[in-house]
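Engineer: One letter stands for each residue in the lines below.
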Amino acid sequence: MTGPMTGRLERSATYGILALFAAISLTPVIGVLATAFGRQSSLDTGFSLPDGLNWSNFADAWTRGHFGTYLTNSVLVAAVVVTATAVLAVLAAYAFGVMRFPGSNLLFYLFVLGLTLPQEALVVPLYFDLRYWQLTDTYWALILPQTAQSLAFGVFWMRTYFRGSSRSVIEAARIDGASSWTTLWRVLVPMGRPALSTMVVIVFMWTWNEFLMALVMVSDEAHRTVPLGLAFFQGQHSSDTALLAAASVLIALPVVVVYVALQRRFIEGMLSGAVKE
Amino acid sequence: MSAPPTATDAATGAAAGAGPDRDGGRAGLPVRLLRHTAGRYRRRAPGQPRAVGYLYVLPALALYAVFLLVPLGQTVWLSLLHWDGLTAATWAGTDNYRALLTDPSLRAPFLHALSLLVFYAALPVALGLMLAAALSRFRVRGMTFFRTVLFLPQVLAMVVVGVAWRSILAPDGLLNDTLRAVGLGSLTRSWLGDYTWALPAVGTIGTWVETGLCVVLFLAGVQRIPRELYEAVRIDGAGPLREFFAVTLPALRAETAVALTLTIVAGLRNFDLIYITTSGGPGNATSVPAYEVYHRAFETNEVGSAAAMGVGLTVLIFALTVSVARLVEGRSEGRSR
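As they're listed, the protein sequences go chains A and B.
In terms of the numbering used here, the first sequence opens at residue 1 and continues consecutively.
In terms of the numbering used here, the second sequence opens at residue 1 and continues consecutively.
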């Protein structure tokens, strides 16, 4: 329909626009990377170009910025939140997906409610509750609320999987004498590894990046997670851009690595949140 | 709800369940019986004992109730009190809510949030639609790479995004350096410290974060549009513009709703970014409800007011997401259930 000339022109224009968007997406990322490898003495609060690969900023962030401790805390919190969410969400979603019991719809919608609920509507009483139970400044103050919030997505997402799972498989397992418990763990969970891994990477990312809960629940340095560490570090050393950038890279790297490897799972999971029944 | 299960339900359910379907089940049962029961079966859950369902839900529900549902109720309760977090609280009734509507310093955050939605939701959706339309006209090579790059801002911690953009918007940051380099030095300013420009500057960060999400979402939708639709309008002599309004835009209605919902929710839950970049300043030029909840509850000890703000934010999010859904459902036939 279009001639070869206009076609070619349009193609180049489209690739040009696409490249522009990609460049805009990457500019802040490349700026941070360049600054992280740059020289520390630079007084510029903007980005700077490195004169070689300076790994010293990372070492400095690790020791002087205490990011070693913060990373350990983040790994611990994320591991527990992800595991707990996975187990609890699978159990609940299994019931919502393949069983029928009075009130199941109402209970399920209670979980879906959490998908759009802002943390700001919970964080104030949560702080006073956890302080009353003397749990602030402990890992529990980070783990328990975040697990509860992740359950909204976990239950919603895994229920979709169980709904779509084959009835014949479930019934075949039943005929073989498997209980509902055995059917779940021996048959459905192994088959649902793709759905499960999507949920795991999404919950991992949310927990790793979580800021507000950590800011409110933790005031001592020993329990700081990496995003909180970066925020405090920026507050104290806002002119130390090279160190800030190095710390930013340390925070972003684990999630970005998983994202590049499992890109489709991330996109699929993150776009599902708005899809209602 | 359906009637209680009986032995026959379980039996037919089992028979149908064992039949051949897309998973290639077992053979050996009369096909006619299968056909007969399959339709019935699909409407029924398998004959699991019902009470077991509660046991499976219980652990998740208990945690969810204690750390999400109860606090939500407590927020509503706190919003009806005057409380500084230390001394005894006094009953406030609807005082805190009335203040949200009448006190300009409490109304401002909501107005800021709504103008930020232009940057967080409207712009990314418009840009995403335009780019997806351009990309729909032929097969683009290297799409996986572009998709990965455009979606990248979505997976970065907002704290990191904030730190990176502070370096861009700083007085001697990348933006001002670029402006000076092209001879527009008179336009340079401290973007995040400027009363007029701080809000659009923060909004621009939001546009940067959300545009990729919209592009990726719309690209997936565009690929599902039948080629014939495009060929049909092209035979009619339609240019790219008419092609967009006649084919692409109507076909992407569902994706538009999803994109708007996700970006609106993200735009209203933007505590991290505000905290890192401006802390609501200068003055209260960039204060938003998400930030004010934290600020009032934990910095100025106005817990009741903070809770009312939290409830207000929740209501706003639900109202906007429901109206997006309504807007889309109302005009599409047969798509919604």
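Simulated from the structure, these hints should not be mistaken for laboratory data.
Being a predicted model, the structure only gives us computed values, none of them experimental.
Beta carbons are placed, not taken as given, at the ideal position from N, Cα and C, and that holds for glycine.
Treat each hint with caution, since some may be false.
Unchecked claim - Some chain A residues judged to face chain B by a derived CB distance under 8 Å, without partners named:
1. Thr35
2. Asn54
3. Ser56
4. Leu76
5. Val80
6. Thr83
7. Ala86
8. Leu88
9. Val112
10. Pro118
11. Leu122
12. Pro145
13. Asp176
14. Ala231
15. Leu244
Stated by the list, open to error - Away from chain A, derived, C-beta distances all over 12 Å, residues of chain B:
16. Tyr54
17. Ala62
18. Gly73
19. His82
20. Val118
21. Ser186
22. Leu187
23. Ala251
24. Asn284
25. Glu292
26. Tyr294
Engineer: Hint by hint, note whether the structure agrees.
Structural biologist: Going through the hints against the structure:
| no. | hint | result |
| --- | --- | --- |
| 1 | Thr35 | holds (7 Å) |
| 2 | Asn54 | violated (17 Å) |
| 3 | Ser56 | violated (19 Å) |
| 4 | Leu76 | violated (17 Å) |
| 5 | Val80 | violated (13 Å) |
| 6 | Thr83 | violated (13 Å) |
| 7 | Ala86 | violated (11 Å) |
| 8 | Leu88 | holds (4 Å) |
| 9 | Val112 | violated (11 Å) |
| 10 | Pro118 | holds (5 Å) |
| 11 | Leu122 | holds (4 Å) |
| 12 | Pro145 | holds (5 Å) |
| 13 | Asp176 | violated (10 Å) |
| 14 | Ala231 | holds (6 Å) |
| 15 | Leu244 | holds (6 Å) |
| 16 | Tyr54 | violated (6 Å) |
| 17 | Ala62 | violated (9 Å) |
| 18 | Gly73 | violated (8 Å) |
| 19 | His82 | holds (14 Å) |
| 20 | Val118 | holds (18 Å) |
| 21 | Ser186 | holds (19 Å) |
| 22 | Leu187 | holds (16 Å) |
| 23 | Ala251 | holds (17 Å) |
| 24 | Asn284 | holds (17 Å) |
| 25 | Glu292 | violated (9 Å) |
| 26 | Tyr294 | violated (7 Å) |
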